[in-house]
Structures are given as structure tokens and as C-alpha cells.
Amino acid sequence: MRRLGPLGRILVVWLVTSAIAMTLVAVFLAPHLPPGSGSKEAAGQQLDNEVLTLVSVFVVAGVFTYLGYALIAFRERGDSDGPPIRGNGRAQTIWVVGTTVIVLFLAAFGTYQLLGGAGGGQGAEPVFVPAHSGQSPLQVQVIAQQWQFTYRYPTEGDFESAHLVLPVDRQIELHVTSLDVIHSFWVPALGLKADANPGADNIAYVTPEKLGNVQIHCAELCGLFHGYMFGSGSIVTPSAFASWVASERRFVAPVTHYLPAYSTTYLPDPSFRAG
Amino acid sequence: MRSTGVKILVTVAGFAVAGVLVGFYIVGWLMSGPSVYRPPVIAGTTKTVDLTLQTVAAVGPTLSPNPDWVSYLVRDEQGRWRRTTIWALPAHALVRVTVYQFDGDSGLRNPFMARVRGTLGNRMRVNGRTLEVIDPDDASHTFAVPQLGLIVPLKGVADDAKNQCGYAPCSLSNAHNTITFSFRTPGPGRYRWQCFVPCAAGFLDGFGGPMQTLGYMDGFLDVS
Amino acid sequence: MTDLSLDPNAGRPFWRRLLGFNLLTGLLLGVGGFYLGWYGGHWLVNGLDVPSLDYVGDTDQNDVSLFLAYILGVAGFLIGLGFGVYPLARLRGYPPSLREKETTGVGRYFGLSTDHKVIGLQYFIGIGFFFLVGGIDAMLIRVELLRPEPNVWPAGNYLTLVTEHGTMMMGMMTSGILGPFANYLLPLMIGARRMAFPRIEALTFWLLMAAGTILISAIGFGGVPTGWTGYEPLNLQANYGMDAYIMFFALVGISMTLLGLNMLATVITMRAPGMTWRRLPIFVWGVVTTAALMLLAAPVLISALMMAAFDRTVQTGFFVAPLGGSSYLFENLFWFFGHPEVYILALPGFGVVLELLPVFARKPLWGYRLAVAGMVGVALLSWTVWQHHLFVSGIDSDLRPFYMFSTELISVPTGFIFLCAMGTLWRGRIRYTVPMLFCLGWIFNFLFGGLSGIFLSDVPSDVTTHGSFFVMAHFHYTIMGGLIFTFFAAIYYWLPKMTGLMLDERLGKIHFWTMFIAFNSTFAPLFALGFMGMPRRVVTYPSDLQGLNDWVSASAFVLGISMLVFLGNLIYSMLFARVPAPANPWGSKSLEFQLPSPVPVHDFDRIPVIEGDPYGYGEDGAVVARPSLRPAGGEA
Chain A
64 MRRLGPLGRI LVVWLVTSAI AMTLVAVFLA PHLPPGSGSK EAAGQQLDNE
114 VLTLVSVFVV AGVFTYLGYA LIAFRERGDS DGPPIRGNGR AQTIWVVGTT
164 VIVLFLAAFG TYQLLGGAGG GQGAEPVFVP AHSGQSPLQV QVIAQQWQFT
214 YRYPTEGDFE SAHLVLPVDR QIELHVTSLD VIHSFWVPAL GLKADANPGA
264 DNIAYVTPEK LGNVQIHCAE LCGLFHGYMF GSGSIVTPSA FASWVASERR
314 FVAPVTHYLP AYSTTYLPDP SFRAG
Chain B
145 MRSTGVKILV TVAGFAVAGV LVGFYIVGWL MSGPSVYRPP VIAGTTKTVD
195 LTLQTVAAVG PTLSPNPDWV SYLVRDEQGR WRRTTIWALP AHALVRVTVY
245 QFDGDSGLRN PFMARVRGTL GNRMRVNGRT LEVIDPDDAS HTFAVPQLGL
295 IVPLKGVADD AKNQCGYAPC SLSNAHNTIT FSFRTPGPGR YRWQCFVPCA
345 AGFLDGFGGP MQTLGYMDGF LDVS
Chain C
443 MTDLSLDPNA GRPFWRRLLG FNLLTGLLLG VGGFYLGWYG GHWLVNGLDV
493 PSLDYVGDTD QNDVSLFLAY ILGVAGFLIG LGFGVYPLAR LRGYPPSLRE
543 KETTGVGRYF GLSTDHKVIG LQYFIGIGFF FLVGGIDAML IRVELLRPEP
593 NVWPAGNYLT LVTEHGTMMM GMMTSGILGP FANYLLPLMI GARRMAFPRI
643 EALTFWLLMA AGTILISAIG FGGVPTGWTG YEPLNLQANY GMDAYIMFFA
693 LVGISMTLLG LNMLATVITM RAPGMTWRRL PIFVWGVVTT AALMLLAAPV
743 LISALMMAAF DRTVQTGFFV APLGGSSYLF ENLFWFFGHP EVYILALPGF
793 GVVLELLPVF ARKPLWGYRL AVAGMVGVAL LSWTVWQHHL FVSGIDSDLR
843 PFYMFSTELI SVPTGFIFLC AMGTLWRGRI RYTVPMLFCL GWIFNFLFGG
893 LSGIFLSDVP SDVTTHGSFF VMAHFHYTIM GGLIFTFFAA IYYWLPKMTG
943 LMLDERLGKI HFWTMFIAFN STFAPLFALG FMGMPRRVVT YPSDLQGLND
993 WVSASAFVLG ISMLVFLGNL IYSMLFARVP APANPWGSKS LEFQLPSPVP
1043 VHDFDRIPVI EGDPYGYGED GAVVARPSLR PAGGEA
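Residue numbers (my numbering), protein chains in the order written: chain A, 64 to 338; chain B, 145 to 368; chain C, 443 to 1078.
The hints are simulated quantities; they were obtained by calculation from the structure and are not laboratory data.
Across the chosen pairs, the derived CB separations fall in these ranges: (1) VAL156(B) <-> GLY526(C): 24 to 34 Å; (2) LEU822(C) <-> LEU274(A): 47 to 57 Å; (3) LEU87(A) <-> ILE959(C): 17 to 27 Å; (4) ASP496(C) <-> GLY163(B): 37 to 47 Å; (5) LEU841(C) <-> VAL185(B): 51 to 61 Å.
A short list of chain B residues far from chain C (calculated; beta carbon distances all over 12 Å): (6) GLY272; (7) VAL277; (8) LEU316; (9) PHE327.
In this text, a Cβ means the ideal position worked out from N, Cα and C, and glycines have one as well.
Please build the complete structure, drawing on both the sequences and the hints.
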């Protein structure tokens, strides 16, 4: 250690502290990062968050080690100026190359994860459709309105409900649209966020993998009760889902025939306009 | 330079005064909002509360600075109609609601809201008839508490009805529909209620103005 | 030589001074214009009787008349201040006159002044005032979030508070460093006696003052429910307080465009002899890149909001889906402006930090060309990233990998700034003065701000973090931890030069440490809150998040107190202690510190000839400039 110059010592301290810190983070913090493993997509997103956290720890350790050394070792002594160092070509090159490599890696990694379908709302023509096994995806339409989400199940009897109930281990193809202003359908535990725009169809895929209740939030300011536009959904077994469908259909039957034909967008009547 | 010092002090004092005035303006506005109305509780094995409301097409200049806005009004113990949408209710109580609906229909944006949910028996009585659903195009307003799963569509007055109400408060001699329903309040908390019909005429999607201002078509149930 | 005793009000009775073009006349004509527009608008709408204006009868809100009121009010205000005098005189053939700045007296701070130094101090006080208003809004927001249920401010008022805070800060602090400091210092740093367009400079200031007043008045017109982003179609549904928001950004946008124009023109055309681009202070490079962004981005905002104004008043359909428009159009236009806007906020901070570090490390700026490349790179790349605000909006999913890449890439030139900062510290002689502490605070804060930006640029990660408190933490770390810390660094560093009075060092250190600790304590937990699923702009949240929210609110109150410490320092130092500042209190080799404090009205006795850059620390015989052998005087 003594034969290394100050920069060398900083480098060693950086590598050692970042190795320790990254290990600690990977073991203790990473499993608790959002969004958890409630769905395949969420697991992919959590991996992204873990990788990004580790890279951040690495960078922070470097900057802090350097600053910790520099701010103490280079304090003023008397009234003299420091040496007139205006730059160092090699240091600059290493930095430029190093940061570019990290950035390229992160971009490539993010794209790779995206190809696995970890990406929330994809618009009307999704490109990253995750592979699914078994049954075809269950279509569920999320209708956002001020200030509640309702859900339409076009393939299960084309009924609408105020409850989100999904079968576990089956790919769900969600079509998110809005009836009035921009909302955003966010289910943190499923790694699902898709904006709801009027006149637009935003498709997102999710394959829930854990039973239980999930929190639903609106993530885009939509007016007075935006903060109240939350609720909960349930991920249930396929048989529980089937029996829920049957009982919910019976319950909403009086109004089902009043619903407009299923469509990916429902444009509001423009006669309510102005001001 | 005494005069400069004095000028500087005057300037600073001027800014301080301006700041305080702005502060008063902001805080005075900030605290403005509808007052809370607490209907009387009828004691018994289950606490019961009677809530009498009316929904009007134009709230009028005596009750609001926006006379043409639609609004809910609540009747207090003295029989006066007050424009306040924050109601204090006891927890785990039965709330019996009577709504006198004076406004014409605007139609529901989402017809699904025409199905009565969350009331006792998931039903309501409209002019004496028990209904589970109304035609969504006939809806004039709704009373909905999404956190309790409660939604009651309120049937609109026909366009050609006679003696329609002008400015509120409306009297029972004006054309109206009477809707009654009951629901149970849950544990303590603050639950928002709102209308789901785009009834704010003149605003985009009918959801501006009275639909987005507390004290007209939106409010809270303060359950304690 | 110029005659410094030119006070046009000398010898006049007080009442005589009130007549003429000044602030009082401006206010009177402004209020008069407001009422003229208001009643004119009502008369117009009632008289026109066209279907697209029918809504006024139902909504009880006449947007046309409010817009007209604001527009005529601002016009009256500007005319009353005297902005019409010179253009009219020139139209009538009068020769150009640039001697108006040579007046004395405190009164020159209260009206149209063409002295860039006066304008700089006007900006400092004016922006400081609105910064305080925005800060109070933030305190009120945190009061509401102390409890999960909305209990203090009614829900609609809370949303208006959120919007007022964000809009006021974004509109005002965009010019936070350029306004006070670039206006005052840019001519001095490049060896000029004035800005290229002195009256336009004054106009940018007074436009901002009018804009801030209009935004505060939104409260009286039903508030603004959309947040500072003003998304359609919620924008169209809103009460007519929304018109005040639109006017605010229209005026701020015009102010920004003109400010950028002025800065660029000055740096390009008015540098002293010998001031090559390679000798420019790095702060000036920061100003140049910021100005270029301002000039090009602000017009996009103005046009997007003009479309929104038409949608709101005469029912056009730009952003209304059933009429053929699209809410996506607004999002894209807004963020096409909005992303360069945040670099407009960040770049001056880069310039300030890199300008101050050499002075307090007693070393030249390390990697000057790399720093310039970083600033230019950030400015250029900032145009290519805006879709990252729309990752989950339902944009074409082919676009997302590209924008993820471009957004990640912009961290590379940003990293250059870090490298140059750290390199400047290497083997330096660091003095921990208050400006230096704020610069070091910047390094710490912007590191976390920038790294959290990497999370947001990664699409899968963005699915969790978009629209949540994580985003709030990110931009507060970069904007407040970045811009505001450098704003204070610039204040402590340059205010002695601008006012001739030193700020108290001990109070300054108290200010720094309370602010730094309270700031991190306030915004670091927000990352966690975002990860735990709390969306933005909500008035209620799950009750298990109350502990963290209470901690954040308490820290925010301490942060507010630290601002009061600064205010106390300012008032104490400027009014009571009044310690005179030497010409060069920090031992800087930069050109502005070779002039006396405060800088005299005519700036330079002689325009200097520049012989080197201002970073000659440790280099024997390095000198920035020597007096020119040209005769003095004239408008060089």
C-alpha cells in the first residue's frame, strides 16, 4: 500500500469499500427493492432496480472515497497557490471511456429486460410481448374515469365491474383507456403502470405469480380526487376466478345490456365542451 | 448616508408588508372550504342518521358565487337548505338518505354506474318503486362513495316536465324525483363522495367547475 | 468621463417625481388595463353571441375576459414603466441613447433601468421574493402531508398549492442564476460595459414580476388543479385560474427567450479584445449554453400554451380527442420544452461550481476543454431525451429503447463536470469558505440526483418510479440540491462585489449546515416513499407511510428555517453590520474582481485587453488583463 501513490491508494480503498458495500446491498437491501416478485414483469423490474442500485453504490463509493481523501489532504496551508495543473489527458480518457462503458452496459441491460416484457404500458401496438404458456392471455380492460377505475372483462361475458380480480399464473393483457382526462393505472406489486389517455388504448402485459391483494393507485394527476383514486385488487386461483366471474356477472346483469359495445376506446361526447 | 439607510429600511418594510398581505391572502383562501354539517343521531341498538339532500340544476346567487352551477344541498334540523358537502356521521351506523332530485338528466359517462351498489340490498326506491338499475341516459347525478363501494344513480327530471325549479333552494312543488336508500357507515375515517355524471354544463367532459370543487358535487363523509 | 451626478429627480418636489414613467404609473396603468380587459371581455362575449362562447353562461367563468384582462394589464404595466418611450422615440427618428443608466439614487431600482448592474440586483430581490412565496407553498404542502387524511386544507386548495409551488419555482428559478448573476457579471467577465440589449434586459425582469403576480392571483379565480405540468385535458376542465397559469408561462417564456437572446448576443459580439472563446470564464460558458437552450426551448412552451388557451376560450380541438386532437400532443410539446428546461436549470449551476472551485482550491480549472465539452454536450443531448417522461404513457414501444439510451447517454457529459470539479480539488489548497461549502454541497447532492436519474431513464425501473415520490426526490435533488445550492454559493461569492458589503461568515456557515442537513433529511426519504408506492400530488396516503411523511415534513420545516437564517444574514449584513467589502475578498483572478466593490456605474475605466484566462493560479506572472492603451470613454 505504501508504494502506491495517493491515487493508487484511493483506487484500492474504492474497490474494497465498493466490494463490501455492494455485497451488503445485494444481500440485505436488494431483495426488498420494489416491485417485488408478484409477477414475472415485477421480478424483471426488480432485477433492474437491483443492478442500478449496485452500479450507484459503486459510483458513490468512488466519488466519496476521492472526496474524503481530497477534502482532508488538500486543505489550505499558508497563503500559497496550488500547482498549476490544468488537466491530465490520460485521466480524462479513462473517465470518458469508463463512464461511456457503464452507460452502454446499462442501456443494453435495460433493453434486454424490456425485451422480456418488463415494461409497463406499451401503447396500442406493443412490441415486447412476453412469451406465455398454456392458455391465451386473459383480456381485461381498465377504464379510468374521474375518479375511479372500473374493469371490463370482454372474454368472460363482456361485463364491467368495479373490482379487479385476476387469476394467478395466467398472462393478462390489459387495455388501459380513459373516459376523460389522463390517468395512470399503477399496481406496484405487479410491476404494472400504464397511462390512461382519452381516445387511446394502452396495452400492458402482466402474469401474476402470487395470490393475495394488491394495491392500485392512480399515478397521474387527474383532478380533485386524484389522491383518492386508489383501491385494491385480488389475485386468486383460477377456480376462484371462475366462480367470482359467475357471481359478479349475476350481480351486474341489470346494467350489462346498457353498456356500449366493447371497444378499445370510448370517446366522450364532444358536446360537453369549453372553458 | 442616513437617507439611504432609511430608504433601505422603508423598502424592506414595504416588502415585509407585501409579504404579510400575500400571506394573509393565501392563508385566508387556503382555509376556505365547505363547513361540516353533523345531522342528529337517533339513538338505538344501531345508531341511525337521517340525511335529506336535494340536487339542483342551478344553485343560485344566494347560496354561491357561481349561480349557474349544479349542486347538492343538505337540509338541517331547522329545515333550511345548506350548501355544504362535508357531513359528519357516526361510525357503524345506519344512514337513511332521501334525495329530492330537481335536475334534468345528463346521462352517465360510464353506463356501468347505473347499477345500484353498496346500499342495503343493493337497491333504491325511486318515487316509491324499488329499483336495482336505471337507464343510464336518465341519470342526472349520482351519489357515490367509491371507498365504500356505494353508488346510487339519481334519476333525472324529464325535459318536458312542468314547473321545473330555477334557482335553488327548490321546493317540493317543483318537478322532482324522490330517491331513498340506506347504507351502513364503516369504521372511522374520511371517505370522499362524488357525482359520476358529467353534469357540470359548459366544462370539458362535464367534469369541471362544480364537479371538481368541494361544496357542490363532491364532498366527504367524516365518520367518527 | 461620464457625469455621475445625473439624477433626473434632483431638485424636484416629491409629488413631481411621481408623475412620469415609473413603477407607480406602471401599477396604475396595469390595474386600469386589467379592468379594461375584464369588462371589455365581458362586453365582447355578450355581444358576439357565437356558439363556441356559449359555455360562459353555464360555467360562470369568462375565460376570454380574464385573458384580455391579464394581457391588457401587463401591457399597461409595461407602458407605465416606460418601455414604450424609447421604441417610439426611435421610430420618430431620435438617435440611439445609451446613457440612461448613469443615474444614482435608490429610486433607480424601482423602475426601468438600463444599467445591467441595477437589473441584476432587481432580479436578486424580485426572484428572491417569489422564491420565498414558492417556499412557503412548500411548507404548507408539508403541513397537509403530516397526516394521511386531508385535514388542513380542503382537497382542491391543496392541489392549487402543489401547482403554485411547482409553477412558481420552475418559472422563477429558471432565471435564478442568469437573472441576478449573469446580468450583473457577464459584461464584467468579458470586458464589456453593458449587455447587448439593455432595455430588453430590463423587460425580462419586469415580465417576470408581472408573471409572478398573475400566478398568485390565480388563487382568486378558482385555483389551478393540474400541477406545474398543466397536462391536457385536465387543463381544459379547470376553473379559470388556469388562465393565470397560462399567462404566467407565456410571460416567463417570453422573458426566457429574450434573456437567452441577450446573453448570446452579448457574449458573441461584445467580448473585449483578447477574450477568445478559450479564455472565457467557465461560468460564461454555462451562461452561453443555457441561453441557447432558453432561446430555442421557451417558444415551444409558449406555443403549446397558446393552443391550450385557444382550446379553453374558443373551443378549438388541439388537445381534445373527440374533436380529433390528442392529449399526447400536449405531453410531447410540453416535454420537448420541459427537458431542455431542466438543463436550463442545471447548466448555470455547473458554471457556478466550476467557476468557484478554482478560486477556493487555488488551482486552475482542471480540464477546461472537457468542461466546455460537457456543457455543450449536455445542451445538445438535452433535445433528444424528452420521451423519457412518457415511457409508460402508451407511446410507440419501439421508441423506448432509443430514449432510454439517449437519456443514459446524457449522464456522460454530465460526468465530465464532476471530473473537472474533482480534478480541480486535486492537490489544491482548499479554503472552506461559505461559497465553497455550497459548491461541495452541490457535488454531494447532484451526485444522488444524477444517479436517481439513471433509475428513471431505465424503462423497467421507470415503471415503478414514474409518477411517484421517487421522481420528486430526483428532481428536488438535482434542482434544489443542484441549482439552489449553487444559487446560494453565487450569492455568498458575488454579493460582496455587487453591493460592496460582506455577508457574515458565521451566519453563512450556520445557514449552509442547517440547509444541507435538512435538505438531505427532507428529500432522501422520498426515494423510499416512491419505492413504497406513494404517487405524486396526492393529498392522502396509506397510513403506514405516516412515519416517514412526518419525518419529511419536520425536516422540511427545518429547511424553511434555514432560509430564514439566510434572510437574517442578508438583512443583518446589508443593513446593520455593513462591513465594507474589499475589491477582491476571495483572491480571485477573474476579471470582475479586478474592479472595485461595488462596481462603479461605468464598469471599466478602460476596456482591458485580455491576455489569459482567469485561472492562472500557481502560474507565475499570469495575469488576466492589462489596461488597454486605447483612450477611455465611448461605448466600446
